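Protein chains: 2
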Amino acid sequence: MENGQIKRRVKLAGMGRAIAGGKVVFGGETRYRLTAGETLLDLAMEAANLALGDAGIHMEDVDCIVCAMATPLQAIPCNAALIHERMAKGLDIPAMDINTTCTSFISALDVMSCMITGGRYGTVLVLAGDTASAALNPDQKESYELFSDGAAACVLTKTGPGEDSEILYSRQCTWSEGAHDTQIRGGGGLMPAFSMTEENRTDYYFDMKGIKILRLCGKKLPGFVEECLAEAGITREEIGLVVPHQASKALDIIMPRLGFSGDTYINRVSTYGNLVSASVPNALCEAVQEGMIRRGDLVLLMGTAAGLTVNFLLLRY
Amino acid sequence: MENGQIKRRVKLAGMGRAIAGGKVVFGGETRYRLTAGETLLDLAMEAANLALGDAGIHMEDVDCIVCAMATPLQAIPCNAALIHERMAKGLDIPAMDINTTCTSFISALDVMSCMITGGRYGTVLVLAGDTASAALNPDQKESYELFSDGAAACVLTKTGPGEDSEILYSRQCTWSEGAHDTQIRGGGGLMPAFSMTEENRTDYYFDMKGIKILRLCGKKLPGFVEECLAEAGITREEIGLVVPHQASKALDIIMPRLGFSGDTYINRVSTYGNLVSASVPNALCEAVQEGMIRRGDLVLLMGTAAGLTVNFLLLRY
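So the protein sequences, as listed, match chains A and B. Count the first sequence with the working numbering and you get residues 7 to 323, in order. Count the second sequence with the working numbering and you get residues 7 to 323, in order.
Treat the hints as calculated values from the structure; they're not laboratory data. All values reported here derive from a predicted model rather than from experimental measurement. Treat the hints with care, since some could be wrong.
Derived CB-CB ranges, DEER-like [unchecked claim]:
{"hint": "1", "chain 1": "A", "residue 1": "G239", "chain 2": "B", "residue 2": "E151", "range": "56 to 66 Å"}
{"hint": "2", "chain 1": "B", "residue 1": "T277", "chain 2": "A", "residue 2": "M298", "range": "37 to 47 Å"}
{"hint": "3", "chain 1": "B", "residue 1": "E151", "chain 2": "A", "residue 2": "G229", "range": "47 to 57 Å"}
Cβ coordinates follow ideal geometry from the N, Cα and C atoms, glycine included.
Let the sequences and hints guide you as you build the complete structure.
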């Protein structure tokens, strides 16, 4: 154990991603939205099959299916049960949702790595993805033109003999001063679908207060990152690539303020916009596919999510 | 390590529960529903404060807040962030949701015990609870007269020196043949609130196919329980008390078929009905308060959930 945490000998054994087939263009940039015949289940299944193929395993080899998504597909059952129905029907594999909104994928790696090193599971399939387009408000240009629909998946497994993949350090915080700066107020138990009227219809749309979020992040994020780096005993220079949540174009303002210059992190906001929970794994998958990350590299996954929750996870790929 | 699992030296250090203030009576039995001025956040906070008090700790001592609820309070952010806003605003404590529908509490113990023994967190506050009444269909008598609104919470922490509390064994399976036997089809990304019409309104209500669930459970559950007992290396006689999910009156039909006679498990269905995710922790809390469970006793938490997911977790209290 170092820095108060046990290093977790786990490995991202395979990854996959799938972006929605519909295209809309705003100011020269494309955003991807589900077409009429498509659902998030289709994209999640495509991403998961690519991840399984990349890892060289089959669904039967998976010990747990985890959906790390920000929003529910149905109010009941959990998303992972619906994925299970598509991909694992007839198998006994447990299905579970882990949700910290946009950074759910990082939280799921954090959590499931402990279950793997604790001997509870051997191989875990983690799926992220959201249908942002289901709740975008056409009158809120800032968010309406930002989001895309997509999914991404990874296979997390024990690190084999002679391999050095591991999670070295992770931290998560929630600053609920920002709980209502990013939200969909309606649609849950507090304001069910039945309560929607013409007057409160906008409460059922996604609502983002960009300036307030930036202000809260500006106040808290630099200290958080410094603390994490110090606790992890690592310098910025040792990190091969930072994969931040692709929150918005403000990424190129925030990252330098956190001490990360433009060539140290991946930024695909202009390509995809914000893919909600799929943002981090989609960017991570692209970075691996493009050779920006190689086995043995130190990779930092980080981001802010509605909550406001912030995640920092350092892994050796 | 025994039975392929590392024993987890964790302890239920404190518990609390809170039932909704409104009462409705069906056939002589009371069900509890939120009153106009009450929300699930109020109940969850009350249960959590009781659990913290029972454990003799304060919110500042908690390292992670986990909501183990079946349904969202808002579509975004996650439930735990909204609890955090009520109970931990200004603190850095991470907030996260873990969801396997009705057995979310058991899954959360399973997951967080691995994070605690992995050194990731020391003390975790787990909250369960749902507003069943937000989506009950008055035309489906079987479910309309079954559910109550309520919350329950527990503090999970490391077992101290000289104490013998532990989780000995846990298993979870999902049988997605039953994915649509218990569901709320609408309200998520697949069928957003905006899509509700007079014609499809019932899709936004809770829908339970009791007979189909019983048939699937009858087929799969006995074998599952036998396997778990064998893997855990335990006999029914060694278990002090079984705390099953309080699914319905069929409990007294199912439990004997699983080899558990009437005095070996707690059944409070006639008192509360089904409290969704709060059912198991509420019954567990009552059992402890009434002296049915003492320190050192073996306790089996088990149940079925929408998915269809089934959980089995054996702990020494």
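Taking the hints in turn, this is what the structure says about them:
1. A:G239 - B:E151: 56 to 66 Å: For E151 of chain B against G239 of chain A, whose Cβ atoms are near 59 Å apart, the range 56 to 66 Å holds.
2. B:T277 - A:M298: 37 to 47 Å: This hint is violated: roughly 59 Å between Cβ atoms.
3. B:E151 - A:G229: 47 to 57 Å: holds, 53 Å
In summary, the one numbered hint that this structure violates is 2.
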